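Q: Just so you know, the protein sequences line up as chains E and Y, in that order. The opening residue of the first sequence carries number 119 in the numbering used here; numbering runs sequentially from there. The opening residue of the second sequence carries number 2 in the numbering used here; numbering runs sequentially from there.
Keep in mind the hints are simulated off the structure, nothing from the lab. Quantities reported herein were computed from a predicted structural model and do not represent experimental measurements. A few of these clues could be false.
Said to hold, decoys possible - A few chain E residues that don't get close to chain Y, going by computed Cβ distances all over 10 Å: (1) L134; (2) F161; (3) G164; (4) K198.
What the hints assert, rightly or not - Each computed DMTMM-like pair below joins lysine to aspartate or glutamate, with the alpha-carbon atoms no more than 25 Å apart: (5) Y:K101 with Y:E559; (6) Y:K479 with E:D196; (7) Y:K98 with E:D196.
Said to hold, decoys possible - Calculated Cβ distances over 12 Å to all of chain E for the following chain Y residues: (8) F99; (9) D110; (10) N153; (11) L169; (12) M252; (13) Q316; (14) Q321; (15) G348; (16) R377; (17) L428; (18) T429; (19) K448; (20) G513; (21) F523.
Glycine included, every Cβ here is placed at the ideal spot set by N, Cα and C.
Residue strings, one per chain:
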Amino acid sequence: MTQPTLRQRYWRANLLLLAALMSVWFLFSCVLSIFLVEPLNEFRLGGFPVGFWIAQQGSIYVFILLILIYALAMKRLDRKYNVHEEET
Amino acid sequence: MGILGWTWVIVGLTFGLYIGIAIYTRVRSTAGFYVAGQGIPAVFNGMATGADWMSAASFISMAGMISFVGYTGSMYLIGWTGGYVLLALLLAPYLRKFGKFTVPDFVGDRYYSNTARIVAIFCAVFVSFTYVAGQMRGVGIVFSRFLSVDINTGVLIGMALVFLYATLGGMKGITWTQVAQYCVLIVAYLIPAIAISYQMTGNPVPQLGFGSRILEGENAGLFLLEAIDQIHRDLGFPEYTAAFVGGKKGMMDVFAITVALMVGTAGLPHVIIRFYTVRSVRAARWSALWALVFIGILYTTAPAIATFARVNMIQTLHNQPYDQRPEWFRNWETTGLIQFQDRNNDGIIHYSGNSSSNELIVDQDIMVLANPEIARLPAWVVALVAAGGLAAALSTAAGLLLVISSSISHDLGKRILKPDMTERQELTYARIAAGLAIIVAGVFGIKPPGFVAQVVAFAFGLAASSFFPVIILGIFYKRATKEGAIAGMLTGILFTAGYIVYFNWLFLRFHGFEPTAEHWLFGISPEGIGTVGMLLNFAVTLGVSRFTPAPPLHVQQEVENLRYPMHTR
Numbered sequence: 119m120t121q122p123t124l125r126q127r128y129w130r131a132n133l134l135l136l137a138a139l140m141s142v143w144f145l146f147s148c149v150l151s152i153f154l155v156e157p158l159n160e161f162r163l164g165g166f167p168v169g170f171w172i173a174q175q176g177s178i179y180v181f182i183l184l185i186l187i188y189a190l191a192m193k194r195l196d197r198k199y200n201v202h203e204e205e206t
Numbered sequence: 002m003g004i005l006g007w008t009w010v011i012v013g014l015t016f017g018l019y020i021g022i023a024i025y026t027r028v029r030s031t032a033g034f035y036v037a038g039q040g041i042p043a044v045f046n047g048m049a050t051g052a053d054w055m056s057a058a059s060f061i062s063m064a065g066m067i068s069f070v071g072y073t074g075s076m077y078l079i080g081w082t083g084g085y086v087l088l089a090l091l092l093a094p095y096l097r098k099f100g101k102f103t104v105p106d107f108v109g110d111r112y113y114s115n116t117a118r119i120v121a122i123f124c125a126v127f128v129s130f131t132y133v134a135g136q137m138r139g140v141g142i143v144f145s146r147f148l149s150v151d152i153n154t155g156v157l158i159g160m161a162l163v164f165l166y167a168t169l170g171g172m173k174g175i176t177w178t179q180v181a182q183y184c185v186l187i188v189a190y191l192i193p194a195i196a197i198s199y200q201m202t203g204n205p206v207p208q209l210g211f212g213s214r215i216l217e218g219e220n221a222g223l224f225l226l227e228a229i230d231q232i233h234r235d236l237g238f239p240e241y242t243a244a245f246v247g248g249k250k251g252m253m254d255v256f257a258i259t260v261a262l263m264v265g266t267a268g269l270p271h272v273i274i275r276f277y278t279v280r281s282v283r284a285a286r287w288s289a290l291w292a293l294v295f296i297g298i299l300y301t302t303a304p305a306i307a308t309f310a311r312v313n314m315i316q317t318l319h320n321q322p323y324d325q326r327p328e329w330f331r332n333w334e335t336t337g338l339i340q341f342q343d344r345n346n347d348g349i350i351h352y353s354g355n356s357s358s359n360e361l362i363v364d365q366d367i368m369v370l371a372n373p374e375i376a377r378l379p380a381w382v383v384a385l386v387a388a389g390g391l392a393a394a395l396s397t398a399a400g401l402l403l404v405i406s407s408s409i410s411h412d413l414g415k416r417i418l419k420p421d422m423t424e425r426q427e428l429t430y431a432r433i434a435a436g437l438a439i440i441v442a443g444v445f446g447i448k449p450p451g452f453v454a455q456v457v458a459f460a461f462g463l464a465a466s467s468f469f470p471v472i473i474l475g476i477f478y479k480r481a482t483k484e485g486a487i488a489g490m491l492t493g494i495l496f497t498a499g500y501i502v503y504f505n506w507l508f509l510r511f512h513g514f515e516p517t518a519e520h521w522l523f524g525i526s527p528e529g530i531g532t533v534g535m536l537l538n539f540a541v542t543l544g545v546s547r548f549t550p551a552p553p554l555h556v557q558q559e560v561e562n563l564r565y566p567m568h569t570r
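Only chain Y is shown next, with the shape it has when bound in the complex:
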C-alpha cells in the first residue's frame, strides 16, 4: 500500500475516533459546554491543554522555521514554553479560584464594567480569529498534499468535523477529543524523529542525537552541529548555531519576540480557559505542570528534527542533477512549496545563501511533513505524520472556536444583551455561534492571509498587549480600576495592531520599499512589538488606576479571596 492508501486509512481511523468521542461525550448543560463541568482530572487536562496549545504552527511549521534560522528559532522554543511558567505561576490558580466560564467573564466582573467586558470580548474574538486562520491553512496543506484533494475541499472536510464535535460536545467533547489528538500527534511527531536520529547518529533519543556524531557519508565522524555549521559556511549561509551574526535577527529583536511569545502564551484565551475545566486550584497547578511536560516532549524534539532535516535536505539535493531528483521532491513540487529554477542551465541543483545564485526555493512548512520521505521511512510513517498534522490543527481550531462561540453566546448574549436567557436557550445560541464561527474560519482557510506561523505570531502580540497586563493586575493589584483596564487594553491592542499594519502593509505603499531593522522602533520587528504594547498597557492601566476612584469594596474583597485556595466552588 502506498502513501495515499495509508493516509486514507490512518486519517480515516483517527477521524472516526474523534467522532466517536464526540457522540459519547455530548453535553446538555452550559457548564458542560463551556468548562466541561469542571471535572477533568489534571493529567488529562494537561494533555488536552497540550493539544489545544500545539497548533498547526507548532507541529508543521516550527521545526521547519528553526531549520532555516538555526539559533534564532530558539525564540519560538523559549517563547512557547516559557509562557507556561507565567501561566502556571501567575494566572492559572487564581483564575481557577475565580471560577467563571470565560476570560471576558473575569475582566468584566473584576473590573465591574460591561465596557471592559465588551473590550475583552472584542480582543478575545479578534485574537482567536487571527489564530484560527493559521490552523485552517494547515489543514488545507495537509489535505492537498497527502490526500490529493483540492485545498478547499480539505478545508471543508475539516470544518465539518470540527463542527460535529464542537457543537455536540462543547468543552467536554473538545477536551476528550484533544486527549486523543494529543496521543496521535505526539506519536506521529516522535516516530520519524527517533527513526531519523538513529539512522543518522546511532542514538535513538533525538534530544541527544542532534548533539552526536554523524555515522555515514562525507561528514562521518563530525558532530552533527559542527557539520551543519560547516555546510552553512560553504554554501554562504550564516552559521546554524551562531546567535546574532549578519543575516540573522539582532539581540533586541530576538529578546522582544521571545517575550511577546511568552506573554502572549499566557494571554491566549483558549489556553487560559483550559484551567477553568479542572476540579480545584491544586489541580490547576498540577494541570499546568502536566501540560508543559506534554508540550516539552514535542518542543525538545523539534530542534533535533530541524537539524536532521536541514542536513538531510542539503545532502540529498545540493549538487544533484535535477532529472534524478528524489521521489519526494516530485511529490512536493506539485504543491509549489518547493521549486527549482535552473539559473545557469546546467541541470544541477545549486543551493546557496546567495540569492542571486541560489536555484532552490523551499517553503519552511514542508520540512516536517516531507522529513520522513526525505529520510526514506516507510509509507505508514508518512501517513501518520499527515494524521498528526491534522490532529494538531483541528484540536487547536476547536479550542479557539469554543472561545469565539462562548464570547458571543455567554459574554455578549447572557451577560450583556439578555440576562434572563434560560440555560437551554444559551446552549442553542452557543451552538449556533460555534457553527457561524466555523464558517468564518473556513473562509479564512480558503483565502489564507500569509504564512501559518507569521499570522500566529501576530495573534500572540495582540494577546500579549491586550489581556496579560489587565489579568495580572486584576489579580495582584487590588487598586486597579475599570478606567485603567479599559484604557490599558485599548492602548495595548491599538498600538500593537497599528504597528503591525503599518510595517507590514502601509510602509511599502508609502515608501516604495520593504522596511528593515533600522526603520523599526528600537530594532523590534512587528512580530515582537507585542512586548512594547504590553508594557504600554501596564503603564496606562497603572497610571489611570491611580487617578480614578478605587474599585468598590465587594470587588476588592473578591480579589482578596482569589489569593486563598479554600472554598473553590
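Next comes chain E alone, as it looks inside the complex:
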C-alpha cells in the first residue's frame, strides 16, 4: 500500500473537520431546537425557556461560531499542507 500524498492527507483532514462541524450544526439546528425542545423547555434561562432560547437565539450564535472556527482551521490546514493561495 502506498503512503497517502500530502494532498490526500489535506483532503482527509478537511473532510474530518467538516464532519465534526456539521455534527455540531445538526445538533443545534435540529436536535436541540426541534427534537428535544419540549424537554429542554422545562428548564429556564432567566426569562427564557431553554429550548425556546436555543431555537430562537442560541443556534444562530453557534452557526456564526462554526463558520469562524472553519475559516481559522482551514487557514492553518492550507499552510500546514502547503496548498494555500499565493499572497497578492
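Position chain Y against the provided structure of chain E, taking the given hints into account.
A: Just chain Y, lined up with the frame of chain E:
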C-alpha cells in the same frame, strides 16, 4: 413634519444614494457585469450578501410570522441562518475555486453537458422568478401605505430604480448598492427594536429584552415571555413558547421545513454567485462568516420584535372601544391589512384564538411596519422603517434579476446558442435580458400570487430539491455523472413542484375541502416538501451515476483541483 413628509425625505435620500452609486460604479466588461471583476473585499461582500439575502420576507414578514406562531417561527430563524453553515463549509470555497460566472456554468461544465446546463438554467430562472414575485409585492405594500400612492405606481417606481442600477452597474453596481442598502435596512430594523425594548423592559438590547421583565402595565414584574404565554392562554391561543401543542405545526413538519429552508438557502443561485465576486478561496470563507454576522444581527433581533409587537398589539387593541382605536389602526385599515368585524355589535374589539368569536383580523405583513407606530415612536422612525423595507426588497430583487439576466445572456446565449459572441454583444444582451426580467417581475408585483413569505418558502423548496444535491455531489463525488445529475435535478424539481401544486390548488378542486396534516406525505406540508425532493434528488443522482459511464478524465481532474485552494485564477 408628519410620517408622509418624513417618508418622502428619507426614501428620496436613499434612492438618490443608490442611483449615485450606480452611476459611479458602472461597468464595461462582462466580468464586471457578472461577478464585479472578482475584486470585492470580504467584509463588503459579506454586507452585500446580507442585503442580497435579506429580502422583503426577512424584513417585513418574518418577525410578523414569528409574532403569530411563537416557537414555530424558529424554523425561519434556524432555516435561514443554518443554511449559511452549509454554504460556507460545503459550497462557497469550492465554487470560488471553480471561478466561473454562474450556477449553470458550474453545472454545465462539471457535468460536461449542455442538457444539464439547460436544466440548470431552467431551475435558476424558475426559482428566481418565484422569489422576485415576493419582493415586488413587498415594494407595493410599502409604497401604498407610506407614500399613499397606488400599489401599481409603487411597483413601477421600484422597477425603474432597479432597472437603472442593475443594467448600468451589473454585479459591481448591485454589490455596492447592496452595501448601502444593508446599512439602511439594519439601522431601520434596529432603532425601533432598541427603542421598544427599552420602553417595555428597560433593557436596550432587544436580544436580552425579550427575556426580561415588563416594566409597566397590568403585567408589570412578569417576564415578557411568561406574560405572553398567559395572554395567549386567556385569549384561547396556543402558548407562545410551547413547541408542538395543538393548533401548531407538528415536529415532523417543523423539521422538514427547517431543513428545506437551510438547504434551499445553500441552493439559491443569487446567494451562491455572491461567492464568485471575491478575490480568493480564503476571502470566500471569510465573506461567508461576515455575511452570517451581518444577517445574524437582524435575525437575532427579529424574535424580540415579534414578542414585543405581539404583546403591544394585544394590549393596545383587545377589549378597547373601536371608535377610540389608535391612529395607526386607522392608517392601516385603509390598506385592508387589519380589519375589525363587530360580531356582537358592542363596539368593543375582541381578539380571540377562537375563530367564531374573534373580531380582529391582522395581516402578518404589517407587524414590523406598524410596530413603531404601535409603540408611538417619532414619525422619522416610521419613515426609516419604510426606507428599510424598500432597501431589503430592492436589493434582493436586483440580485435575482442579475441571475435571470446572466442565465439568459451568458448561459443560454454565450455558452449554448452563440459561442462566438463578442464581449460587447454579450453585455448588451445581458442588459436587455435584465430589462425584460424587470418587466416580468413588475407584472408579478402588480398581480401578486399570494403572501410574500409563502411564495418565497416555495422558492426555497425548489432550490433545495434542484441545485443543492448536484452541486454537493459535483464537488465531493468525482464519479457523479451527467446522466445522474440531469435525472436527479428533474426528479427533485418535478416532485417538489408537483406536490406543491397538488396540495395548494388541485386538492381543493378534487376533494372540495382544504388538505390537513393527515393528507400530507408523512405530515409534511408543501412548504417543507423540498426536503423530500432533495433526498430523492440525491438518491437518483447517486443511483444513476453508478450505472452510467464515469465522467471524462479532464472533468475528474477538474473536480480534484477544486479541493486545493492554490492557483485560484
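Q: Of the hints stated earlier, which fail here?
A: Hints 3, 12 contradicted; others consistent.
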